[in-house]
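Chemist: Read off the chains here:
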Amino acid sequence: EPEVTQTPSHQVTQMGQEVILRCVPISNHLYFYWYRQILGQKVEFLVSFYNNEISEKSEIFDDQFSVERPDGSNFTLKIRSTKLEDSAMYFCASRSRDRGHVNTQYFGPGTRLTVL
Amino acid sequence: AQSVAQPEDQVNVAEGNPLTVKCTYSVSGNPYLFWYVQYPNRGLQFLLKYITGDNLVKGSYGFEAEFNKSQTSFHLKKPSALVSDSALYFCAVRVLSGNTGKLIFGQGTTLQVKP
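So the sequences go chain by chain: Y and F. Residue 665 in the working numbering sits at position 46 of the first sequence, with consecutive numbering throughout. Residue 53 in the working numbering sits at position 38 of the second sequence, with consecutive numbering throughout.
Next up, chain F with everything else stripped away, as it sits in the complex (with noise of 0.2 Å):
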């Protein structure tokens, strides 16, 4: 079965300081992995995502995200947090077998950027 995993419920850092929030997979096969962001009362915001091609992925707002497939990991980064940057971080596998192209999530990561 593919699953997610996001170790941590809370990461905190402060402003300015480089950020990450840590997702690793289980897959059969090759992964197709997703970020999404989630701010107060507000739906799932997409990032960025991980298909092929380059382990390191640019995505919307300065984050990035390193694919490490011996580690089966996919965390998000950026090089200096913002206070705004205060939300619900989901990761996300995109399910392979069928056509539905389902996603099943990790439980979520609240970052907490402090001024």
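Extracted from the complex, chain Y is given alone in its bound form (with noise of 0.2 Å):
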């Protein structure tokens, strides 16, 4: 069964530091996410992206962050300048488009990222 996958599973960076967090989304979806759930808190919406373009993206998402679809099957989200509150597991997911039928979100295993 196809699946989301993510690398690395665990990401440790001084502050100040840029990090690319690499998803490899389903192969026939379109769409992609990138969520982030701080530790006991609640999955938040980052950022959304169809057809090589950014659709939305939360107040989250300043400038310090981007994503990119480099090639046909990667897709990468980077922060420029990590923060200590950059700390969280980050979450890419996919999904096909809706045709008559509302599709599901499929998601990697996370991406725990450690901001010292």
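Misleading hints may appear alongside valid ones.
Have a look at the derived ranges for each label pair, beta carbon to beta carbon [what the hints assert, rightly or not]: (1) K84/F - S677/Y: 43 to 51 Å; (2) D69/F - S646/Y: 28 to 36 Å; (3) S685/Y - Q25/F: 36 to 44 Å.
Partner residues are not named here, just some residues of chain Y that face chain F (Cβ under 10 Å, in silico) [unchecked claim]: (4) P621; (5) P627; (6) M634; (7) Q656; (8) Q660; (9) V662; (10) S667; (11) S674; (12) F684; (13) L703; (14) T723; (15) F726; (16) P728.
Hints are computed from structural coordinates only; laboratory data are not their basis. Ideal Cβ placement from N, Cα and C applies to all residues, glycine included.
From the two separate chains plus the hints, produce the assembled complex.
Modeler: In structure tokens:
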């Protein structure tokens, strides 16, 4: 069964450093998402991506964040200068186009980002 | 604004007993509702969804959920709990405006099933 994969599973970085989180969505999916979950809190939407551009972003997704689909398979989240409060679990998700049916978002296993 | 609430931080049940994890929602228009489960150090796994049709939706691992429009609820249920059901459960609603289809999650409910 196809699944969303994410690398690395755990990333430790120093404050101010850049990090890139990688995701491989399910191959025939067209809509891609990043969510984050700060420890003990709810899952929050960060950004959605469709047709090679951002379709929506939350207020969390400021200028320090960017997303890219550099090739036909990967979907990346970059944080340019990490802050302590960026420490969280980051989930990638993808779904196929709705065709008279509301399709499900499938989530990857997450990347735990720890900023020291 | 659309929102989801899970009023219980934790639900404790004995193995073999029925379980209910509660979820209420607030949306404009028809809701698209989802349940996901998160096991320790794992991602979110899809359990089931309500889009339209029958109010009782069946999903993975024997779970089901009942959509109640008048009470704006979508409670997750299982007739007989297993210890292996112990996990964190999230209710979510899909935002209807625009084409992004982002999900808004409740705060999560920890289900503890004791032998």
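Chemist: Against this structure, judge whether each hint is valid.
Modeler: Hint check results:
1. A C-beta distance of roughly 28 Å is found between K84/F and S677/Y, which places it outside the suggested range of 43 to 51 Å.
2. Evaluation of the 28 to 36 Å hint for D69/F and S646/Y yields a pass: the beta carbon distance comes to about 32 Å.
3. Roughly 37 Å separates the CB atoms of S685/Y and Q25/F, a value that falls within the hinted 36 to 44 Å.
4. Contact between P621/Y and chain F, as hinted, is not supported at the beta carbon level, the nearest pair being about 13 Å apart and thus beyond 10 Å.
5. A least Cβ separation of about 14 Å between P627/Y and chain F goes past the 10 Å threshold, and the interface hint is therefore violated.
6. For the restraint placing M634/Y at the interface with chain F, the shortest Cβ-Cβ distance is roughly 24 Å, beyond the 10 Å limit, so the hint is violated.
7. The restraint placing Q656/Y at the interface with chain F holds, with a minimum CB-CB distance near 9 Å, inside the 10 Å limit.
8. Taking 10 Å as the C-beta cut-off, the interface hint given for Q660/Y holds, the closest approach to chain F being about 7 Å.
9. At its closest, the beta carbon of V662/Y sits 4 Å from a beta carbon of chain F; the interface hint therefore holds under the 10 Å criterion.
10. Annotation: S667/Y was flagged as interfacial toward chain F, and the flag holds, the nearest CB pair being 4 Å apart, inside 10 Å.
11. Satisfaction of the interface hint for S674/Y is found here, the shortest Cβ-Cβ separation to chain F being roughly 5 Å, below the 10 Å cut-off.
12. For F684/Y, the interface hint is violated, since its Cβ never comes within 10 Å of a Cβ in chain F; the closest pair sits about 15 Å apart.
13. Here the hint on L703/Y is broken, as its CB sits about 22 Å from the closest CB of chain F, past 10 Å.
14. Look at T723/Y: its Cβ gets to within about 5 Å of chain F, closer than 10 Å, so that hint holds up.
15. Against a cut-off of 10 Å between C-beta atoms, the interface hint on F726/Y holds, since the closest Cβ of chain F lies about 4 Å away.
16. Residue-level restraint check for P728/Y holds (minimum Cβ-Cβ distance to chain F is 4 Å; threshold 10 Å).
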